[in-house]
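K.L.:
Residues per chain, in single letters:
Number of protein chains: 2
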Amino acid sequence: MPRVILHEVGPRDGLQMERTVVPLAIKEDWIRRAAAAGLDIIQVGSFVHPQKVPQMADTDELVRRLTADPVGGVTLSGLVLNEKGLERGLACGVTMVCLGASASDTHSRKNTGMGSEEATRRIVGAARAAVAAGTQVQVSVQSAFGCGFEGPIPEERVLAMVRAYLDAGLRHISLADTAGHAHPAQVRRLFAAIRALDPVVECTCHFHNTYGLGMANIFAALEGGVTSFETSFGGLGGCPFTKVAAGNVATEDFVHALQHTGLRPDVKLAALISLAGDVAGHFGRDLPGFVYKTGPITRTESP
Amino acid sequence: MPRVILHEVGPRDGLQMERTVVPLAIKEDWIRRAAAAGLDIIQVGSFVHPQKVPQMADTDELVRRLTADPVGGVTLSGLVLNEKGLERGLACGVTMVCLGASASDTHSRKNTGMGSEEATRRIVGAARAAVAAGTQVQVSVQSAFGCGFEGPIPEERVLAMVRAYLDAGLRHISLADTAGHAHPAQVRRLFAAIRALDPVVECTCHFHNTYGLGMANIFAALEGGVTSFETSFGGLGGCPFTKVAAGNVATEDFVHALQHTGLRPDVKLAALISLAGDVAGHFGRDLPGFVYKTGPITRTESP
Chain A
1 MPRVILHEVG PRDGLQMERT VVPLAIKEDW IRRAAAAGLD IIQVGSFVHP QKVPQMADTD
61 ELVRRLTADP VGGVTLSGLV LNEKGLERGL ACGVTMVCLG ASASDTHSRK NTGMGSEEAT
121 RRIVGAARAA VAAGTQVQVS VQSAFGCGFE GPIPEERVLA MVRAYLDAGL RHISLADTAG
181 HAHPAQVRRL FAAIRALDPV VECTCHFHNT YGLGMANIFA ALEGGVTSFE TSFGGLGGCP
241 FTKVAAGNVA TEDFVHALQH TGLRPDVKLA ALISLAGDVA GHFGRDLPGF VYKTGPITRT
301 ESP
Chain B
1001 MPRVILHEVG PRDGLQMERT VVPLAIKEDW IRRAAAAGLD IIQVGSFVHP QKVPQMADTD
1061 ELVRRLTADP VGGVTLSGLV LNEKGLERGL ACGVTMVCLG ASASDTHSRK NTGMGSEEAT
1121 RRIVGAARAA VAAGTQVQVS VQSAFGCGFE GPIPEERVLA MVRAYLDAGL RHISLADTAG
1181 HAHPAQVRRL FAAIRALDPV VECTCHFHNT YGLGMANIFA ALEGGVTSFE TSFGGLGGCP
1241 FTKVAAGNVA TEDFVHALQH TGLRPDVKLA ALISLAGDVA GHFGRDLPGF VYKTGPITRT
1301 ESP
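In order, the protein sequences belong to chains A and B.
Quick note on numbering: our numbering labels position 249 of the first sequence as 249, and the sequence is numbered without any gaps.
Quick note on numbering: our numbering labels position 232 of the second sequence as 1232, and the sequence is numbered without any gaps.
Rather than coming from a laboratory, the hints here were simulated on the basis of the structure.
Errors might be hidden in some of the hints.
Stated by the list, open to error - Computed spacing ranges between beta-carbons, pair by pair:
hint : chain 1 : residue 1 : chain 2 : residue 2 : range
1    : A       : E155      : B       : P1265     : 42 to 52 Å
2    : B       : D1278     : A       : P265      : 50 to 60 Å
3    : B       : I1026     : A       : G115      : 48 to 58 Å
4    : B       : L1197     : A       : P154      : 52 to 62 Å
5    : B       : R1019     : A       : A160      : 50 to 60 Å
6    : B       : T1298     : A       : E155      : 40 to 50 Å
Note that the Cβ used here is the ideal one computed from N, Cα and C, for glycine as well.
Isolated chain A, as found in the complex (with noise of 0.2 Å):
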């Protein structure tokens, strides 16, 4: 089995959906911390006009700091939404650069005010001048699984995006379940199309939790050959624009899951389950995940 890659999307997706702004100290800890657990990528937050998504107006001088002073062999990533954003984060030197557009026509539109193909051509565009500046680069598919407002989305409109996104170079793919719609079996279907489209193509998923079904379809989705999650710690998450959306699957519940098959031994598990305690700490209320609340399996006693 390959090695699993751990993506940490909470600083973006997390906090993104907060109420109260997290002060630039606190997120340059939480990041520090999950990178020294072993994390491989870290999305550090979002290229975002400030006044749209204040929570991510700090993600420049985020990125600056880290990389001044950086943590092991981590991967800085950001996410892009246009132009604009792709020279901020190129800027600051982000080493990463994920950009995506939705499946859906509506989703597309309330985030961005264009239709799915033309987000997606702008999208590649910009994604190929991010390569040409030499960063790496991950472009997703938003709504892939279905959409809160269109229902379910046709598969044949995903393999569209994802056959232009690979006819541009592009290679490094994550599929995102932005409104919880997946299932099991639809995760397995839709990773084989993609596998017949491009064999070696490099899989992302990003499930949310909305109905229960997130680590059911990583597990669906690990056995189908993806290697590499994108996941929040605590569970933290959600996206704006979609009516209904839960929280990720939260980072320190998969690596545990992980850990009790064999798997990522190398990651400090205890580590991000502190993690995970300081920051529903910080915002005085339960976070979805379940280890952070009650530890790892462990024997509890002595037969």
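Fit chain B to the supplied structure of chain A, relying on the hints for placement.
P.N.:
Relative to chain A, chain B alone:
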């Protein structure tokens, strides 16, 4: 795909954990509503000593009331821990008797005062008596996937218990993940091993969601050919005799996931969601289920 059988265990596994005793009339209403929604089997309660688990003291009376004025074709099951409990179950006319022993010696001793082997022998004896009396019988292996006290449980020990059941002619077997330690690869492996012992054994699963893997394990079991599942309304539940145990997978979440893939369209999901909401309201707290809070997947506005 054969029909998925839904066994509701909330009235037993859920309510036995609660600090307050739910009045008989309310239990009866909940059970009638779950039956009217189309669930196949409902575990009414446990024939345990009323001083040990006062929450279950009215099980006999409940069964009598429900059988006096039955709802559709539902099967009423009751948990039986010993010969005395079996007598009570038979006397009040329960349709299906559920008996079990733990694969963990420590768990077994805490629960019954006997080690695993001795407890299994006793359960086999009682189960044979139940068969002879003409009731349906399900025998279970508790802590089949791991134990909060002992940690991992050797697969061989679980298979030895399954073999003891099969040798006694008991072919309806439930594997319970009492502590929530199961993971999908283990679930597939264990059920494949059981099917190798007996290709036509009727297996049921019971997964606790302590570490967030309950639904992932259900789907692993489904793919492994298991077609009968024990779940609990709202995700209530847990075993009072293990140190760490969270709720079961929520019945309405599982039905929602099945219907999302086209299975069991006959079950009235809206009625189950309303029931889970009322159970949560009765206890005055959020339950672990997702769908009773979010509502089912739907196109939320026109494009």
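K.L.:
Going through the numbered hints above, which ones does this structure break? Give me the numbers in ascending order.
P.N.:
1, 2, 4 and 6
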